[in-house]
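For the protein sequence lines, the chains are S and B, in the order given. Position in the first sequence (first residue = 1) + 46 = the working numbering. Position in the second sequence (first residue = 1) + 1 = the working numbering.
Accuracy of the hints is not assured; some may be wrong.
What the hints assert, rightly or not - Pair ranges (Cβ atoms, derived): (1) S/K314 / B/P26: 28 to 34 Å; (2) S/T54 / B/R5: 48 to 54 Å; (3) S/R369 / B/P94: 38 to 44 Å; (4) B/E108 / S/G598: 50 to 56 Å; (5) B/R163 / S/E475: 44 to 50 Å; (6) S/P51 / B/P26: 39 to 45 Å; (7) S/Q594 / B/P94: 26 to 32 Å; (8) S/G534 / B/A195: 49 to 55 Å; (9) S/E597 / B/S24: 47 to 53 Å; (10) B/D232 / S/R369: 30 to 36 Å.
Note that these hints are calculated values from the structure, not bench results. We put the beta carbon where it would ideally sit given N, CA and C, even for glycine.
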Amino acid sequence: MDAAPHETVDTDVLVIGAGGAGMRGAIAAAGAGARVLVVCKSLLGKAHTVMAEGGMAAALANVAHLDSWEAHFADTMKGGKLLSSWRMALIHAREAPDRVLELERWGAVFDRTATGHIHQRPFGAHTYPRLAHIGDRTGLELIRSLQDRLVHTERVDVHMEVTVAGLLTREDRVVGAVAYRRADGALVVYRARAVLLATGGAGRIYRITSNSWECTGDGTALAYEIGAQLQDCEMVQFHPTGMVWPPGVRGILVTEGVRGEGGVLRNKDGERFMERYDHDRMELSSRDVVARAINAEVLAGRGTPHGGAYLDITHRSADYIRRKLPSMHEQFLKLARVDITKEPMEVAPTIHYFMGGVRVNADTGASTVPGLFAAGEVASGLHGANRLGGNSLSDLLVFGKRAGEAAAAFAADHGPADVDAAQVGDVVERLVGPLTRPHGESPYQLQGELQDACTRHAPIIRDEATLREGLEKVLELRDRAERCGTGGPVGRAFNPGWHTAQDLRSMLVNAEALFRCALERRESRGAHARSDHPKLDARLAQVNLVVQRSEGGMAVTQVENEPVPYDLTEVISQSFQRYTPEEMS
Amino acid sequence: MVTRVDVSIWRGDAGGGELVTYSVPVREGMVVLDAVLWIQANMAPDLAVRWNCKAAKCGSCSAEIDGFPRLMCKSPVSDYGERLTVRPMRTFPVIRDLVTDVSWNYEVNRRVAPFTPSREDAESSTPWRMQQEDVDRVAEFRKCIECFLCQNVCHVLRDHDRKDAFWGPRTMIRIASLEMHPKDTLDRRPLVRAEAGVGMCNITKCCTEVCPEHIHITDNAIIPLKERMADEWFDPIRWAARRLRRRPTREGGAAAPRPRPPARD
Numbered sequence: 047m048d049a050a051p052h053e054t055v056d057t058d059v060l061v062i063g064a065g066g067a068g069m070r071g072a073i074a075a076a077g078a079g080a081r082v083l084v085v086c087k088s089l090l091g092k093a094h095t096v097m098a099e100g101g102m103a104a105a106l107a108n109v110a111h112l113d114s115w116e117a118h119f120a121d122t123m124k125g126g127k128l129l130s131s132w133r134m135a136l137i138h139a140r141e142a143p144d145r146v147l148e149l150e151r152w153g154a155v156f157d158r159t160a161t162g163h164i165h166q167r168p169f170g171a172h173t174y175p176r177l178a179h180i181g182d183r184t185g186l187e188l189i190r191s192l193q194d195r196l197v198h199t200e201r202v203d204v205h206m207e208v209t210v211a212g213l214l215t216r217e218d219r220v221v222g223a224v225a226y227r228r229a230d231g232a233l234v235v236y237r238a239r240a241v242l243l244a245t246g247g248a249g250r251i252y253r254i255t256s257n258s259w260e261c262t263g264d265g266t267a268l269a270y271e272i273g274a275q276l277q278d279c280e281m282v283q284f285h286p287t288g289m290v291w292p293p294g295v296r297g298i299l300v301t302e303g304v305r306g307e308g309g310v311l312r313n314k315d316g317e318r319f320m321e322r323y324d325h326d327r328m329e330l331s332s333r334d335v336v337a338r339a340i341n342a343e344v345l346a347g348r349g350t351p352h353g354g355a356y357l358d359i360t361h362r363s364a365d366y367i368r369r370k371l372p373s374m375h376e377q378f379l380k381l382a383r384v385d386i387t388k389e390p391m392e393v394a395p396t397i398h399y400f401m402g403g404v405r406v407n408a409d410t411g412a413s414t415v416p417g418l419f420a421a422g423e424v425a426s427g428l429h430g431a432n433r434l435g436g437n438s439l440s441d442l443l444v445f446g447k448r449a450g451e452a453a454a455a456f457a458a459d460h461g462p463a464d465v466d467a468a469q470v471g472d473v474v475e476r477l478v479g480p481l482t483r484p485h486g487e488s489p490y491q492l493q494g495e496l497q498d499a500c501t502r503h504a505p506i507i508r509d510e511a512t513l514r515e516g517l518e519k520v521l522e523l524r525d526r527a528e529r530c531g532t533g534g535p536v537g538r539a540f541n542p543g544w545h546t547a548q549d550l551r552s553m554l555v556n557a558e559a560l561f562r563c564a565l566e567r568r569e570s571r572g573a574h575a576r577s578d579h580p581k582l583d584a585r586l587a588q589v590n591l592v593v594q595r596s597e598g599g600m601a602v603t604q605v606e607n608e609p610v611p612y613d614l615t616e617v618i619s620q621s622f623q624r625y626t627p628e629e630m631s
Numbered sequence: 002m003v004t005r006v007d008v009s010i011w012r013g014d015a016g017g018g019e020l021v022t023y024s025v026p027v028r029e030g031m032v033v034l035d036a037v038l039w040i041q042a043n044m045a046p047d048l049a050v051r052w053n054c055k056a057a058k059c060g061s062c063s064a065e066i067d068g069f070p071r072l073m074c075k076s077p078v079s080d081y082g083e084r085l086t087v088r089p090m091r092t093f094p095v096i097r098d099l100v101t102d103v104s105w106n107y108e109v110n111r112r113v114a115p116f117t118p119s120r121e122d123a124e125s126s127t128p129w130r131m132q133q134e135d136v137d138r139v140a141e142f143r144k145c146i147e148c149f150l151c152q153n154v155c156h157v158l159r160d161h162d163r164k165d166a167f168w169g170p171r172t173m174i175r176i177a178s179l180e181m182h183p184k185d186t187l188d189r190r191p192l193v194r195a196e197a198g199v200g201m202c203n204i205t206k207c208c209t210e211v212c213p214e215h216i217h218i219t220d221n222a223i224i225p226l227k228e229r230m231a232d233e234w235f236d237p238i239r240w241a242a243r244r245l246r247r248r249p250t251r252e253g254g255a256a257a258p259r260p261r262p263p264a265r266d
């Protein structure tokens, strides 16, 4: 098919996504001399990063002077159940402090210690108080600081409310993307020398999630479709504390900062049950452990009336709570009519983060397709089988910068390449397909069924039979999605039915990868718990599950990862952070 | 308890439109955004609406509910009885249905000179120190989620359409957050007085009333900016001092003018 009428825009580095990683990457690429174009699905500054609450982990050692990059590295590796890329964990632990201080020099403000340094808050599975924060809206602070920096950076342009439908390749190298503007549906072809994916995770494939609508796993799907490798897609984090009641707010995040500030979890009998699951770390155990503990309490009949646990911070003064957790106070007061200074919150696990994603080079964020880079939640490696709270915001800055610089360097080494009109035509044909099927199935219906399938068949505790059923359901939905319409009207101007049909494609790739990997990993590790394989399999700590497109469809293979060097295994084994009883089993 | 609610939504585009009413089943704790998304999924798949987080943290779902500017994700349906009306923000051009063109806000924001620390601070290799009370002063402004409800309700922009003369409360918040930042050294008062037009605000406090983040926009940002400006331009002693130092000196010192923001087109 010939290319349909479209605009063409040239740039050196195309950044897809304008959350923390995308903006940091764009600033870095422009700083390295590249012309940069950022495209994002929403308005600038609305990315899912704004919802991050608790803080940014960095071993600044302002509060606990014993803290060090070694301790942060060891915590990250242990929290990730040794599946993390040691190289990424090392880079992250070493560079996070510089990225936090740099952000401050760009205008970000953080809460302070008595001596005027950046204050740091304790968080789950971090040995020392380590999270730089401002109240409970650190993500917003990060986004706004980067946004202000970005719009005053030379050689950077931003195209808001643009959705990328497909990447273009030439001789196996990425050369651009096909996209459409949401406002008027106009098609745009971006010709770029390098592409940086910073599209975040795919939390919307679940019904109960803390994620915003945008988190449909677009980058993972775009990369997969041009042959890039993904990895560890079974590793999906349930945040232990999402809102439970009323139903309209189910899944909205309750920051781990509540527990960091001393909040305790109790079951309906008033028992502080974490004592039985992780005696040492209690509420500040790693997220996988706390989420499973709440799940187990509910299954044992000790849950709250709406199927969760109580999270209680009322022992802190009302003034302290309002100062340290202002948005939590407001959120519960307004949405649940609960005053958290006087009553406990009801909480239950909610889908929060995808540790899996595009397989990247630890130093540069380069994917396995030349010219294609990834950073932030869309990339995989740093968090292994379980992400520690606070490690995501620092991940965005550390690897956003590195990937941006690497993309700029790649662009400098490679001339512009013409895009293939036939490829553009194929993407456009697929993209406008739903507009030609006014009587096709509703994408909202399919999206709802997909969310139900993931919620039901890939829950906190999984098993072979349930996962198989889930995979079959996803494959059935994939076939139906090929023929879906917009749900009705077929106008191009800001038509959410059409937009949802696009999102659905990405969501299906992510869901299929999730089920296939979850079936393949026959052990319980971190976020991936199998009732039919309840124990850790030591051998599988060295194995990443790699997903790649093949002639027969999606293929999953076991790939040995690079072993941790001896000196770093010493760092890990000598750290104070202990494993939980269940991890040692 | 009401089991259904009639939601009338303005449907249309720049060429015009009308209210369309949908009957929506109510469930406990439902907010207006839930109702709009239910309509989208079940009755009107092309109903255009912006939203992201559904947790009052991103400021995307601004609209006028029964005439009052609000975030839809933060407005319980139960506050409205058996029927409610949702319209797009009136101050900005409509793109489609509830989606408006808010790009002007981004344009004026870009014209505010960015955070500028002193050269000494910028070049020092030791971490900065600040006091919590200094941080607290700007932290209020930095809570802003850019929902633009204050811009929407500001009568200078809404009723008089003077976007050419006044940059609106959101921009004043942004300027205040920079001016009061403990490490910022730039003087944006000339900008506040001239292009940003703080004098246009006559302190009706409508912006403060609609702010979902409860920022005291008028009292803590706009009035202090007005005072700083008045000190500079209308204080007779400073006026005289300014006459005496017409020619800027290179030596610096206490009497030297603070650097002006770079000109921007």
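Going through the hints against the structure:
Between S/K314 and B/P26 the CB atoms are about 30 Å apart, so this pair conforms to the stated range of 28 to 34 Å. At roughly 50 Å, the beta carbons of S/T54 and B/R5 sit within the given window of 48 to 54 Å. Take S/R369 and B/P94: their Cβ atoms lie about 40 Å apart, and the range 38 to 44 Å holds. Look at B/E108 against S/G598: about 51 Å separates their beta carbons, and that is inside 50 to 56 Å.
Taking 44 to 50 Å as the suggested C-beta distance range, the pair B/R163 and S/E475 conforms, at roughly 47 Å. At about 43 Å, the CB distance of S/P51 to B/P26 agrees with the hint of 39 to 45 Å. Judged by the Cβ atoms, the range 26 to 32 Å given for S/Q594 and B/P94 is violated: they are separated by roughly 46 Å. Checked against the given bound of 49 to 55 Å, the beta carbons of S/G534 and B/A195, roughly 50 Å apart, stay inside it.
As the Cβ distance of S/E597 to B/S24 is approximately 51 Å, the hint placing it in 47 to 53 Å holds. Taking the beta carbon of each, B/D232 and S/R369 are about 31 Å apart, inside 30 to 36 Å as hinted.
Violation of the numbered hints given earlier is confined to hint 7; every other hint is satisfied by the structure.
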